[in-house]
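Taken in sequence, the protein lines are chains A and B.
Read in order, the letters of the first sequence are residues 1 to 402 in my numbering.
Read in order, the letters of the second sequence are residues 1001 to 1336 in my numbering.
In short, the hints are calculated from the structure, not lab data.
By construction, the Cβ of each residue, glycine as well, lies at the ideal position given by its N, Cα and C atoms.
Watch out, some of these pointers could steer you wrong.
[Unchecked claim] Some but not every residue of chain B turned toward chain A, in silico, with C-beta under 8 Å:
no., residue
1, Ala1037
2, Ser1041
3, Lys1144
4, Thr1153
5, Ala1245
[What the hints assert, rightly or not] With a cut-off of at most 27 Å between alpha-carbon atoms, the simulated BS3-like pairs for lysine-lysine come out as follows:
no., chain 1, residue 1, chain 2, residue 2
6, B, Lys1295, A, Lys39
7, B, Lys1160, A, Lys127
8, A, Lys127, B, Lys1091
9, A, Lys28, A, Lys128
10, A, Lys256, A, Lys176
11, A, Lys256, A, Lys389
12, B, Lys1144, A, Lys128
13, A, Lys188, B, Lys1091
14, A, Lys70, A, Lys389
15, B, Lys1295, A, Lys77
16, B, Lys1295, A, Lys309
17, A, Lys145, B, Lys1160
18, B, Lys1144, A, Lys239
19, A, Lys98, B, Lys1295
20, A, Lys188, B, Lys1144
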Amino acid sequence: MKTNKGMIASAALLALTVGIGPAYADKKYDTGATDTEIKIGGSGPFSGPASVAGQMVKSVAAYFAWINTKGGINGRKINYIAEDDTYSSAKAVEVTRKLVEQEGVLLMAGSIGTPTQLAVSGYLNDKKIPQLFIATGNSAFYDPKVHPWTIGNSVTTFTEGVLIGKHVGQNWPGTKVAVLFQNDDLGKEYFAGVKQGLGDKAPIAASVSYEVSDPTVDSQIATLQSSGATIFISLSTPKATSQAIRRAYDTGWKPKMIIPSIVAQIQGTLAPAGLDKAVGVITPTFIKDANDPHWANDPATIAFLDWMKTYDTQVTDTALAIAGYDAGETLAEILKECGDELTHENIMKHASNIKAFHPSLMLPGISVTTTPTDYRVIHQMQFESFNGKNWELYGAVVTDAD
Amino acid sequence: MTVMSTMPDDNRADALRRSLIYTVIGVSLVLALLAPAFVSSYRIFQITTIIVDAIALLGLNILTGYNGQISIGHSAFYAIGAYTVAILTVKFGVPYWIAIPAAGLTSYIFGFLFGLPALRLGGAYLALATFALAVATPQLLKYKLVDTWTGGTLGMSVKKPDVPAWLPINQDQFLYYLCLLIAVGMFIVGRNLVRGRVGDAMMAVRDQPIASAAMGIDNSLLKTKTFGVSAMYTGVAGALGAIVAQYVAPDSFTFMLSISFMVGIVIGGAGTVSGAIYGAIFIGLVPDLASQISKAVPWALYGCCLIACVFLMPTGIHGVISLLAGKILPGLRTKQ
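When you get a sec, could you build the whole thing from the sequences and use the hints?
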């Protein structure tokens, strides 16, 4: 919709001459925004082997459907269009181009899929279309120098590594540490973070890598155990993590074990190892686990669970629903701040200047902050330890800033 | 009717038919050349994807339609083409006019080598062997030893070719014309191949393997070469597909891609050249339409659409079009 500039200008002039305060801010729209609607696109796998992950995008859509029932944002309804990219990067390019060029969305947000979103970030950045709040920890989505129009919605792998390292250094200074890491970008990035976080507070007695294709990590555990370390950081994906938990217990090593947040699922990772063997395992987190009885009386959690029952009916995975709800909440906040200037540029300006915004499901004391030179949205995590049934938060929030 | 009296009739009908076909092809080409001036950039991108798929379908059709060998592993050759072009242009800075033929050649070699042992298998057994290829490829691309080249799970971006400075068109339009040019070339070559002696030999091997061997055709060599040529077509399509999508990642080349190629040739018309084009339009547009109609059950709709096509058009879209043309202009009816 085009604004009649002449009319507004004369109205502004009139306002000035009669001296009734400042003129109304000019409404400014890029394609996808009107007086009544904001069009947003998102993509994720809704079919095919990875289709569970698509529940996150469906949750973002459900979040905005709910916002619309409450009157939308600044009087505008949110038209969130979610497309199925089947986790194929070729298909992701196709649906993203369709959303941008055919549907004319103002921005892309709340998508999931690291390779698929990497595949479209070049295109979106060339077109200067904001690509916001993707569920990924990959650092490529948090680098304003490489992709100035792209911001993720999680803690970066590196930051999480730093926080794990700092936590160990603060709580057990001087204790020998053993590290297992997956021999790929993910594992190496975690490990680099851990090293930085540890600094000279605690020595790394041994570090071994494993391949995703390795059938077991038994030999790696043996090497790590023989180093005499009593803290064991396992920077691994679910299968290897389960194996490491079980093996470290069965051999009688029983170190203090730390695993990354992405694998900290009780059913998916700890149960296969044996819940009794996982007692005492530590992981960092930044979000409230709605299934945890600890939050049963938390108003935000109650509101979330109500919403999930009423609006997010297609979604079964609570963690993905939380991720979608959280992305929706942060995005809604930014759109609210943008007011009537709904341009690509203004959205990016607000998305890269978030000042300690606290989404309702984030842990107390943890907030979202970005600056134009630092797109990492989350800098803090709190640690929790497994008691055989649930995760129990303990200690203070750890932050990566010194 | 005597033979004498039908001869001139047939010739006339033949000439008429041919001139009509050439007119249709000519008009379509002119429309295709003018299209970028009239449709949006996204539509051009979509048509480019369809053109690329048509090349892949022609490749599979040469193998399955004309030579009777079922492959559900063509996603692997598509991936080989895509990765060849990606690695050559990104890691080595090779220009596109070398990288695309190189992708075709690489796929030909892989297809030929895979064909050597596999083509001793027939029917369902060959299908299973090619299935193995389709499911293994995405994993192999992520494999440790090659991931510095392939970019592992995350894949890598591919740049679109730069438009020559003297051409007043944008990158999407340039890519469209490039794909169109390559497709037209490959369709002419493909048509001549299947209409010529080689094509007759392919069909003889398909229909009467014993008779064809008796006539002096080296059945297994011909089958292997056909497999190679088929893989080459699909590889070139993969190369263009990678450039169009500007990205390659292992999970784009799953078994589902092979199946959609198979769907394309059957719906378009197995054993026909133009069927590849109809099939590409079908696999390019119908899944999209299905998801527009219903977000909840797009694949069920797609499935219904497939079943309807198979029942109502047993000879594919090509068959229906020639049937209709024959009904409207009886003189054009293909002589049998």
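Tested hints:
Given the 8 Å rule on beta carbons, the hint for B:Ala1037 is violated: about 17 Å separates it from the nearest Cβ of chain A. Among the interface hints, the one on B:Ser1041 holds; its C-beta lies about 6 Å from the nearest C-beta in chain A, closer than the 8 Å criterion. Hint status for B:Lys1144: holds, given a least beta-carbon distance of 6 Å to chain A, under 8 Å. Hint status for B:Thr1153 relative to chain A: holds, with the closest Cβ pair at about 6 Å, below 8 Å.
Taking 8 Å as the C-beta contact cut-off toward chain A, the hint placing B:Ala1245 at the interface holds, the least distance being around 4 Å. Distance restraint check for B:Lys1295 and A:Lys39: the Cα-Cα separation of roughly 18 Å lies within the 27 Å cut-off, and the hinted pair is therefore satisfied. In summary, the hint linking B:Lys1160 to A:Lys127 is supported, as the alpha carbons are separated by about 15 Å, within the 27 Å threshold. In summary, the hint linking A:Lys127 to B:Lys1091 is supported, as the alpha carbons are separated by about 25 Å, within the 27 Å threshold.
Taking the CA atoms of A:Lys28 and A:Lys128, the gap is about 16 Å. The hint holds against a cut of 27 Å. Between A:Lys256 and A:Lys176 the alpha-carbon distance is near 11 Å, which keeps this suggested pair within the 27 Å criterion. A threshold of 27 Å between alpha carbons decides the hint, and for A:Lys256 with A:Lys389 the separation of about 18 Å falls inside it, so the pair holds. Between B:Lys1144 and A:Lys128 the CA atoms are separated by roughly 35 Å; this puts the pair beyond 27 Å, and the hint is violated.
Between A:Lys188 and B:Lys1091 the alpha-carbon distance is near 23 Å, which keeps this suggested pair within the 27 Å criterion. Straight-line distance between C-alpha atoms of A:Lys70 and A:Lys389 comes to about 38 Å, which puts the hinted pair past the 27 Å bound. About 20 Å separates the Cα atoms of B:Lys1295 and A:Lys77, which keeps this hinted pair within 27 Å; it holds. Taken as a hint, the B:Lys1295 and A:Lys309 pair is honoured in the structure, with Cα atoms around 20 Å apart against an allowance of 27 Å.
Taking the CA atoms of A:Lys145 and B:Lys1160, the gap is near 22 Å; set against the 27 Å cutoff, the hint holds. For a cut-off of 27 Å, the pair hint linking B:Lys1144 to A:Lys239 stands: about 18 Å separates their Cα positions. With a C-alpha separation of about 16 Å, the suggested pairing of A:Lys98 with B:Lys1295 holds against the 27 Å cut-off. Taking the CA atoms of A:Lys188 and B:Lys1144, the gap is about 14 Å. The hint holds against a cut of 27 Å.
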